[in-house]
Structures are given as structure tokens and as C-alpha cells.
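Novice: Now for the letters of each chain:
There are 2 protein chains.
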Amino acid sequence: MSVEKTLATAELGFGASMDRLFELLRIPSISTDPAYKAQCQQAADWLVKELSSLGFDVAARPTGGHPMVVAHYKSKMATSKTPHVLFYGHYDVQPVDPVELWHTKPFEPTLKTDERGVKRIYGRGTADDKGQLMTFVEAAHAWIKTTGTLPINATFLIEGEEESGSPSLLPFLRANKKELSCDVAYVCDTNMWDEKTPAITTRLRGLVHEEITITSPSIDLHSGMYGGAAMNPIRALSKLIAALHDKNGRVTIPGFYSGVAELPKPVKKQWASLKFSEKKFLGAVGLKSAAGEKGRSVIELIWSRPTAEVNGIWGGYTGTGGKTVIPSKAHAKLTFRLVGKQNPKSVLAAFQRFAKKQMPKDAVITFSGHGGGSPASEISESNVYIKKSSAALKAEFKKEAVLMGSGGSIPIVRSFKDILGMDSVLVGFGLNDDAIHSPNEKYNVSSFERGIKSWVRIMGALSE
Amino acid sequence: MSVEKTLATAELGFGASMDRLFELLRIPSISTDPAYKAQCQQAADWLVKELSSLGFDVAARPTGGHPMVVAHYKSKMATSKTPHVLFYGHYDVQPVDPVELWHTKPFEPTLKTDERGVKRIYGRGTADDKGQLMTFVEAAHAWIKTTGTLPINATFLIEGEEESGSPSLLPFLRANKKELSCDVAYVCDTNMWDEKTPAITTRLRGLVHEEITITSPSIDLHSGMYGGAAMNPIRALSKLIAALHDKNGRVTIPGFYSGVAELPKPVKKQWASLKFSEKKFLGAVGLKSAAGEKGRSVIELIWSRPTAEVNGIWGGYTGTGGKTVIPSKAHAKLTFRLVGKQNPKSVLAAFQRFAKKQMPKDAVITFSGHGGGSPASEISESNVYIKKSSAALKAEFKKEAVLMGSGGSIPIVRSFKDILGMDSVLVGFGLNDDAIHSPNEKYNVSSFERGIKSWVRIMGALSE
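In order, the protein sequence lines correspond to chains X and S.
Once you know that position 463 of the first sequence is 463 in my numbering, the rest is easy, because the numbers rise by one and skip nothing.
Once you know that position 182 of the second sequence is 182 in my numbering, the rest is easy, because the numbers rise by one and skip nothing.
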């Protein structure tokens, strides 16, 4: 039927799908760095042109930051029962540094075949999230080319600030609540269980950002002239960071674990049955043992426990050679991953109180976090869309989809529920070794191809 | 007599002396950064031209690093009793970062008058050490212009690697031992007691550099995907730095204080009589209390106690905005100030043992320090050259010279004694607020002028 024909179209047209993906990957749409503002606009415009050519009613809508691409499609085979489905992705990408560690140019997507014969596309944004969002764009392409229409009513919402904490998203959802409220949302920014096993993510951690500066002397000092007399802000900063965890890996901030519940037994049992290899997961990145709270499995740590992490630290002289200086300032960027009912504002406030108390004499701490943040999210596993999607994924992969958790944050899921009243189904085709946010990010060609075909099937399943 | 006439010449010619100093200051001879190699050569060549014009037998002698300027002058009024005196300075300077904090261009020397009417020369190297070394060059200029000769036999040794730990100095001294062995050395790289009170420094701390890298995961990781499971090298680095000092400010490295003696009572008494204002010293740089070992005065801490200091720290994402990364590596640059009989190699080895023990699982520390380092130095206060120099300084300033300590390192003093068998007399005209190694380094015009005149007097006194 239509699904089979559309799958055949997708297969035949896969070369052209790759060409379109490469075009998008070549645009360095780094949202966190103001220097790339024009390139973010360019990526949005590229999507507008693409979706417009498919017959979507589409525009790059201005925001306080980077534009939001919104595209609507009214199915020509729609009945009163045909659902209206929102598909979400983001066209912005992470910065590329340290750029010297890349083996290929980050914005010149490069196809390589590994020793097992697996084809991979290397480049910033291949997996996070341009490769992923293009799976549903290309599925729509195949449906429209094959049947002249999508089988469902669809809205595509593709934002450009996901890697910057999505500052414009909430106001945009609120301002366009009626236009964007659909029956369900599909978010394509997650991983498969492994190369051969599809997955739907039902549990996401929240996230809060913070940035701190510690000032001790008012100017940089000569470490001979003042060493032994002057407080060094790097010493104060190190004491604070060292104090964040106890010897069992538990976060020491008073009140931090408020709202964190132990896992329900059935969930714990399901996760234990996954035969997850901690040795392989950690070994792939050069590690041997879990560094978080002792006595918990790695899956439990990354899917269901909160963290306090330092993402960057700097202060004093960091160039070639030495400099005998006691710096005036030291800095760090931190993030907290949240679970359960942890409140972002409360966690931030608790950290700030804790940090102030850690300061020695003559060390003054200031905070310049982006504020806000998002709490954790959980989706009911008996949701009808999850059931339909599971079946479609099983048909494509000939394997049951795993219902998993994810350590990363997709704040949009919470916003879709709170503002637009929609549940979200998280289907993605990334893999653990995609090196997202790192040098040499990649996306397997099979992820892209089977991702497109999965969406062809899911769109078909939703129309029935 | 000759001294009085030469002082008059120096006063009349001071404008020209300023012009020559400014020429030298305009050359960005940053020795620690390989990008400035040519500029270091340029500064050496400038000195060769200058000293050659005065009748010195001078050359910029090649080394493994930056050239060594060596200049000899045989006095035309020499007798068998006329001493041969070596004068030491360095033409290299510190890096200028953070360059955005400079109010003037670092290599465009700028004259400013403060609210008290004090004239200052701003620029990198004004005080450390180009302004200082030009005081004895200009004193020689005045003597030769006035009397047709220097009153003493002189060797000028001006190196270009002082800010990089002087890697070529020892081999050079050893290779040219006979040529450079004089009756005494004068080193011009220290401070006055205050604007009106000259000083001779008799006690110097030693210095060892170290650089460390801690590696945890083999690649940068997404803090959502791995947060809670992966060791963060910034956490390991912070634990190490936090562990370096106990709550009383004492360094915790086992064996660190081996060779550190308590101050002799007479020295302690003399220093206590200096009426040193800790409040003013610390207050000038925005601090209120001493951060070193509790129960010791600031003077004691900086002149007679060892330190473990972090001069720079970096790791992870440090650009604009946020990046949710667990970095693969974290780095720090450290220095240890040494006193008494502390052995640089032993201190380094003790630190490395200590640091390795602090590492948690999955954190590997590597060391890339420059090795070597220099122990502390002390000079006898009854030395005849110190007595003659004290008298000459008193004649110029109408105030007794303070015999002080210095927290900074001048490893050359130890090398002159060990290799060339010479004592060193440390006379300099810097001030505590010169901001050496910092943005907005300056040298008072009065330091430069009275420095020149002091050397005119000292050279005269030594010929008698």
C-alpha cells in the first residue's frame, strides 16, 4: 500500500536525501556564539526553502534570538479522525572547539567507512540534530512525492536555540499556543538502544546552567611579591568544586536531593534486564568505573540520578610557557542535571548559598548563570502514540523497541506538556558513539536511512 | 669631583636617557612566547648598538634560546686595585595578557602624571626589567661622556630568558666562566623599600615550575549522556589543588618544609622594626588578610616562607555561552617558592608523589614542568660591596638603605655564587605598585632618574 510504496521511494531517493542533508550540515549554525548569528538565520532559511518546495505553509519566524521555523501541512487524505502531529527538531549546533582535535572539517560533512564496513557521516550537527531532524523532513518528502500528500496533518517546529537553553522557546509557544497545539508531539533528538535496536525515550533529566567568577586580589599579582600573602582565587574555586561531592560521589549541597525519589521497582527490573554493559559503555571512552554515587548502576546514574558537573574552568595564565602570577579572577561553568521533582530555581539557590559559604576570606563569588533551567520529564508508557510508534519501529527494525531513559535534557518535552497540553514521543536514531558535543561528531548512514523509513512507517501508522 | 660632574651630566642628559629607554620599551621582547623570537633578538641588537657606541666591547652571543648580550669595558683610569664589576639585567619581558585590561598599549610607553604629581612610565617591561637595566647603562653613558671612561672595569651581562626560567644561562656561565668571573656582581631587578627609601635585597626565594594535565575520559563527553557515570578531570584537578593547603594555610605535601628554618631572631627583630603596613600592602590590591600560614606576619610570609601556588588553570569549555561537556582533560600551571635549604628537585618529586596519590579512579595525571628550578639565596650583610653601596645610596636619597628580603626569585644570584664564585649585590629602584607581570606595568620617572644617579655614585664609590 501507500506505506510500502513510500518506503520504496525513500530508498530510491536516498542519494538525493544525503545531498540535502550535506547542504544543511555545511551551514555553521552555532547558536551559543553571537559571531554565528547570520549562519543560524541561513540554516533557518534553508529549511524554509526546502519545506516550502514540499507544499508546507512555512516561515522563519523572528524571535529575540535565532528564528523559529514553523511549517504546517494539511493532509489531502485527512478525515475527522486524522491526527494533527507536531514534529520537533533543532537546526542549531554546538561550538566546535577544541577544533584541533577534529580529523575532518566540522562543517564539511565527510563520509567514511569504518573497519566493519559501517558508513558514517562526520561533521558538527550530523547527529545533534540536523541528521535527526532531516529524517522526518525526508520522510515527508517521500510521502508527498509518492502519494501527493502527507497521510497526517503535520506541523514542523524546528528551533535554533536548543544548544543555548532555548531562551525564546517558551515565549514563542505561549504566543502561538493555538497554532502549535496538536494531538501529540514527536521529538527527534534521542538515541537508539544500539545499532540494531530502536528505542523510545520516556524519561529525561532536567538541566540548570550556572557560571561563577571568584575575585580575590583586585589586579593580577606577581607570585613572588605576593605569594604566601595573597589569596589565590584558583585555590578558592578549587576548594568549592572539591567540596561539591563527598567521597561516595554524592552531591553535598544541602537540599540538593529534595524531590529525588528512588526508582519504582518495575522500572528498576526492566532496566536491569537490558544487559547493559557498563564495561563497554565506560570502556569506549577510556574509563573503567562509575564516578557517580556509589552502589548504583551506570544506567541508574545517568537516567535517574541528578548531577553537579563542571563543564569548564579557567583562570590565570594559560598560554605557552610559564607566568608567575596570582590571578585576580578564576571562573567556572557548571551544570546540574535534575530528576524527579527537583526544582531548577531551588537547586540554583541551594548551590549559591553553598558556594558563598565555601568562600575563604578575601574571595568574593559572583554568579552569572542564564537562570531558568528545566525540570525533569517522564512520559506514560501506556500512551497510545508510544504503542503505535513501537509497532512501526518493530516493523522497520524487526526488533522490539526499548523504552529507555536518557541522561540528557530536552526541555521542550516539559514545555509541550505544560503550555500546549501535548504528550511527547521521543524517537531518535542517534548512537552512543556519535560523539555529540565533541570533536568528530558523526551519524551513521544507516541511522539516517532507517530513520527516514521509520518515520515513513510511523506517519502511516498514525493515519490509520 | 668626577662623581659630582657625572651627576650633573646625568641630570642634563635625562631627556635623552628617557628617549633611549622608550626605544627599548617599544620592542615586544616576550621571551616565553616563541612567536616573539625575532623581537627578543631585536632587543639584544639594540643594546649591542647602544653599548658599542659607548666604547664597550660588546656582542649578542647566541644561545640555545634568546641571545645573551655581553659587554666589557676596561677603565682608562684603572689601577691594580680597581675592581672588575659585573652588572646584570634582562631585556626580556612577561606576556601582556589579559591585554584588554591595559589602559595604554603595552609596547607604546606612555608618560602619565598621577594626582600627586608623580610621573610614571606605563608599558610592559618599564619596571621589569628594561627601566631598571637602563639605569646602569645610562650611568655608564654619563660617566663616559663626562670623564671619557668608566671609573671601574665593567662587564654588562644582559640576558633574554629571565622570564622563561633562564634555560641558557647556566650553560653560558659555565662555558664562559673565565670571561665572566668578576670581583662582584650587581643585579638590578629589585625594589626600593618605598618611594623615598632605597634598599638592598639580601634574601631571595627560589622557584620551581610545574605543569600538570589530568586526563579522564579519552574524548570530551556529553554531560547528559555520561554525567553521573564519568569522572570529570576538573573535579580531580580541583581536589588536588584544594588538598595542597590545610585550613591554616600550610602546604600539606609530605616533606615540603624539609630545609625550611625559622628566622634568626636578629632578622626577625629588624623586619619587625620596619613598620610595614600589612593593611596598606594588602589593601592596595583589594585584600584584607594574609592567606598564607596563620600566625606569621606578611613580611615573614613573602620573604621567608615557601609557597605552593597555582598560576593558571584551564579545562573544558571556556568560550561565550554554555556547553554541556565533560572534558577529557584539565590542566594547571603551578609554581613553588622555596626558602632556606629546600631542594628544587626534592620539592618537585614530593609534589608529584603527592599529586599521584590524590588522583581518583579513572584520572591520570602527567607532568610537563620545565624541570630544574632554583633554590633560595642569602647574601651576607657584612659584605664590603653592600657597605659601599649602602653609603652611596644614602648619599643620593639622604636616607639609610633598608636591607630587605624579596619574595621573588633571581636565580642568577645563586648561579653567580656557585659557578663564578661571586657575591651579588641586589640594588633596584622598582616599587611595590609597579604592577610587574600585570596589566598596566609602570616605572616611576623618579625611579629611573635617581636609579641612574645612584649607579653613578656606586660606580664612583667602587673606584675608591
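Don't read these hints as lab results, they were simulated from the structure.
A hint or two may mislead.
Said to hold, decoys possible - For lysine-lysine, the following DSSO-like pairs were computed, each having C-alpha atoms within a straight-line distance of at most 27 angstroms:
#1 S:K239 to X:K356
#2 S:K49 to X:K239
#3 X:K247 to S:K361
#4 S:K329 to X:K280
Unchecked claim - Stretches of chain S that chain X covers, calculated by requiring three or more beta carbons in the stretch to come under 8 angstroms of a beta carbon on chain X:
#5 169–183
#6 203–210
#7 349–363
#8 388–396
Note that CB positions come from ideal geometry on N, CA and C, so glycine has one too.
Novice: Take the hints in turn and mark each one as holding or not.
Specialist: Going down the list of hints, with the structure as the test:
no.: 1; hint: S:K239 to X:K356; verdict: 18 angstroms, holds
no.: 2; hint: S:K49 to X:K239; verdict: 52 angstroms, violated
no.: 3; hint: X:K247 to S:K361; verdict: 12 angstroms, holds
no.: 4; hint: S:K329 to X:K280; verdict: 21 angstroms, holds
no.: 5; hint: 169–183; verdict: violated (count 0)
no.: 6; hint: 203–210; verdict: holds (count 3)
no.: 7; hint: 349–363; verdict: holds (count 3)
no.: 8; hint: 388–396; verdict: violated (count 0)
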